[in-house]
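Please construct the entire structure, taking both the sequences and the accompanying hints into account.
Chains as they are written, first to last, in my numbering: chain A, 187 to 637; chain B, 215 to 484.
One or more of the hints may lead you astray.
[What the hints assert, rightly or not] Straight-line distance between alpha carbons at most 25 Å, and here's what the computed SDA-like set of lysine to any residue pairs gives:
1. B:325 <-> B:371
2. B:318 <-> B:369
3. B:350 <-> A:521
4. B:331 <-> A:536
Simulated from the structure, these hints should not be mistaken for laboratory data.
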Amino acid sequence: MTDMPISTAPARSLYAQDARTKKRNRAESRFRTYGMAAVATGIIALIVLLTSILGNGLSAFRQTYVSFPVELTAERLDPDGNRNPEEMAAVTTFGYLPILAESFAAHLEAEGIETEMGIREIAAMLSEEAPAQVRAMVLANPELVGTTIDAQILVGGRIDGYFKGRVTLDSAERDRNVTPEQLMLAQELADRGMMETRFNWEFITWPDASGSRPEAAGLGVAIIGSLYMMIVVLVLALPVGVAASIYLEEFAPKNRLTDLIEVNISNLAAVPSIVFGILGLAVFINFMNFNQSSPLVGGLVLTLMTLPTIIIATRASLRAVPPSIRQAALGLGASKMQSIFHHVLPLAMPGILTGTIIGLAQALGETAPLLLIGMVAFVREYPDFLSTHSNTFPLMGDGATALPVQVYSWTQRSDPAFVERASGAIIVLLVFLLMMNLIAIVLRRRFERRW
Amino acid sequence: MEGSNMNDMSQFDQGVAVDTIKMQSRGVNVFYGDTHAIKDVDVDIADKTVTAFIGPSGCGKSTFLRVLNRMNDTIDICRVTGKTTLEGEDIYDPKVDPVQLRAKVGMVFQKPNPFPKSIFDNVAYGPRIHGLSQNKSDLEDIVEKSLRRAALWDEVKDRLQAPGTGLSGGQQQRLCIARAVATSPEVLLMDEPCSALDPIATAQVEELIDELRTQYSVVIVTHSMQQAARVSQKTAFFHLGNLVEFDETDTIFTNPSDPRTESYITGRIG
Ligand SMILES: Nc1ncnc2c1ncn2[C@@H]1O[C@H](COP(=O)(O)OP(=O)(O)OP(=O)(O)O)[C@@H](O)[C@H]1O
Ligand SMILES: [Mg+2]
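Next up, the structure:
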């Protein structure tokens with residue numbers, strides 16, 4: 187085609203890298219190595235954390251029960267014989283203890299299981315919670331009195347620990363709370379299929395239990411408390427935060443005062459959370475006389491803590507919306523409000539949601555401020571948060587606790603079984619956080635699809 | 215091209231006698247902070263006329279265009295002095311709500327800025343917020359008519375629900391034109407509407423501008439001398455924030471009175 191000669195022998199060949207290129211490439215590969223090392227460290231840390239928590243905590247979701255027939259003798263449980271639950275309530279858990287002990291011992295004998303232990307020692311294998319468990323069953327259904335029921339009875343924490351590998355025959359020698367004989371009996375019962383370790387919904391639904399009965403401690407109250415507080419935070423912090431951000435970002439004049447407010451909001455986000463606890467204590471409890479450790483107070487404190495996070499995230503995502511969109515709307519004769527609500531806000535929505543969920547997740551995991559407003563209190567009963575009977579404002583009445591506070595208070599207890607409980611609670615907390623992040627992702631997808 | 219040019223001029227000559235002044239600016243100055251962007255400009259925008267603003271880049275054409283619908287209000291550091299009227303009413307009067315003004319004085323921006331919504335919603339937005347349609351089919355009519363006028367209908371009629379941001383640059387600009395036309399403004403300000411368009415689309419937009427002239431006033435900023443000559447009846451030449459010359463397009467291009475105008479249109483400054 188062409189007669190032109192091809193120029194050969196270039197002054198600088200493309201095949202050989204010159205010194206500068208080599209240096210550049212070396213720098214790049216170095217940087218990549220650093221990056222991969224950083225990511226790998228993070229992943230290893232995560233794996234170690236997860237394995238340790240899962241290893242410690244998964245067993246909290248399994249609990250050991252023994253099944254045997256319990257004879258609910260009428261003479262002891264209902265002396266008057268009229269099956270009136272109110273009168274039967276006079277029989278305390280101490281009245282149920284001998285019934286359980288005797289039924290258990292009688293069952294062992296009937297099954298032909300021999301043991302040198304006395305009835306006291308045999309009964310000590312059962313959880314201290316067991317009599318209360320049976321009592322609640324009876325009071326709920328008085329017709330059971332006088333019959334023999336097949337009951338699944340919670341066994342003590344040490345026996346449970348034996349099946350989870352926490353307690354061994356050796357350690358039992360040195361333990362005042364359990365004897366090797368009890369463990370051997372438990373093993374035999376398990377071999378015969380009378381004692382089994384099964385999935386334990388009660389860990390999620392039951393309230394906390396005292397330090398001597400870890401096997402009965404559950405997260406129910408803490409989950410409800412956390413849930414109510416999250417609702418309070420969401421209902422208060424999201425609208426207030428978004429409204430404040432829109433005002434500051436779109437309407438407020440840019441002057442000294444707004445600059446000052448801006449600096450203060452950024453600073454508030456960095457204030458240690460315990461300071462918010464002190465504030466809540468001073469303002470809501472001491473000054474406004476709200477009930478200590480009520481979910482409303484907890485929610486208010488967490489709202490104060492979450493607001494700066496939401497405001498900062500919202501303002502950032504409002505600022506990220508290109509100004510040309512606002513101009514387009516204004517140029518068509520839309521009012522400022524219309525341009526913001528029709529065009530800017532939908533575009534900023536994914537960012538706002540992400541910020542809100544991060545704020546909520548922070549609030550969900552927050553312990554320090556809640557300790558200060560008294561949430562560390564041991565809550566044995568399900569609180570009546572909605573106050574159906576009393577005349578207090580909903581969420582203002584009974585004291586509550588929250589998931590992280592429950593973790594904290596369990597780690598304070600001496601019985602090693604609570605370590606397992608605390609790790610189990612952390613797993614629940616992590617699952618909640620995971621779910622919140624999932625919700626965030628789903629919502630973000632939905633909003634992004636509508637551009 | 216010469217022919218059509220002459221044709222336009224003669225049309226203009228007939229129209230000038232009945233033309234009334236739609237917008238009038240007297241002694242307008244615009245400052246961005248300390249930058250004096252527009253210096254003491256007087257302009258009359260005649261009704262049912264196309265007025266072209268020409269001048270080198272950065273001379274203040276867009277700035278002055280934004281004076282006419284108070285879009286400068288949205289720029290914090292921008293300050294406007296002087297008097298500008300629309301049909302005798304001072305648009306900078308404190309009683310005037312700029313939102314109402316912008317419904318009458320529409321704008322197409324220099325850079326295409328469709329909403330990140332569907333093509334239909336882009337065009338329907340103005341009619342919706344101003345309540346221009348009684349029902350859905352009314353709205354669909356407005357959208358179709360506007361898209362046709364902007365020479366975009368044939369390309370998008372099958373995908374009205376597709377995102378407006380997914381169109382090509384030139385299509386986006388025509389979408390913005392359709393969007394502005396859909397609100398039926400009395401004055402339409404167009405900031406380089408054809409800078410991203412190919413010659414065919416440009417010709418279509420110019421046709422639209424010519425058609426709009428029968429009902430509205432159009433102000434168009436352009437860097438193309440030929441375009442100014444083709445579509446406009448009046449031309450204003452800006453230079454360094456000053457209005458150097460404002461006259462009938464014919465006169466500006468054939469017999470400019472200022473030497474700066476002459477050097478610009480012959481390509482010696484700019
Ligand atoms: N938002 C702003 N802030 C500060 N200065 C601005 C702003 N917009 C424009 N200017 C300045 O005002 C002057 C006029 O700008 P303008 O955009 O009106 O020019 P133009 O004639 O439209 O130019 P072009 O043809 O390149 O679009 C320029 O010097 C520019 O730097
Ligand atoms: Mg411009």
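These are the hints, each one checked on the structure:
Of the pairs offered as hints, the one joining residue 325 of chain B and residue 371 of chain B holds, with about 23 Å between alpha carbons and a cut-off of 25 Å not exceeded. Taking the CA atoms of residue 318 of chain B and residue 369 of chain B, the gap is near 28 Å; set against the 25 Å cutoff, the hint is violated. With a CA separation close to 23 Å, the supplied pair residue 350 of chain B and residue 521 of chain A stays within the 25 Å bound. A hinted pair counts as satisfied when its Cα atoms are at most 25 Å apart, and residue 331 of chain B with residue 536 of chain A qualifies at roughly 16 Å.
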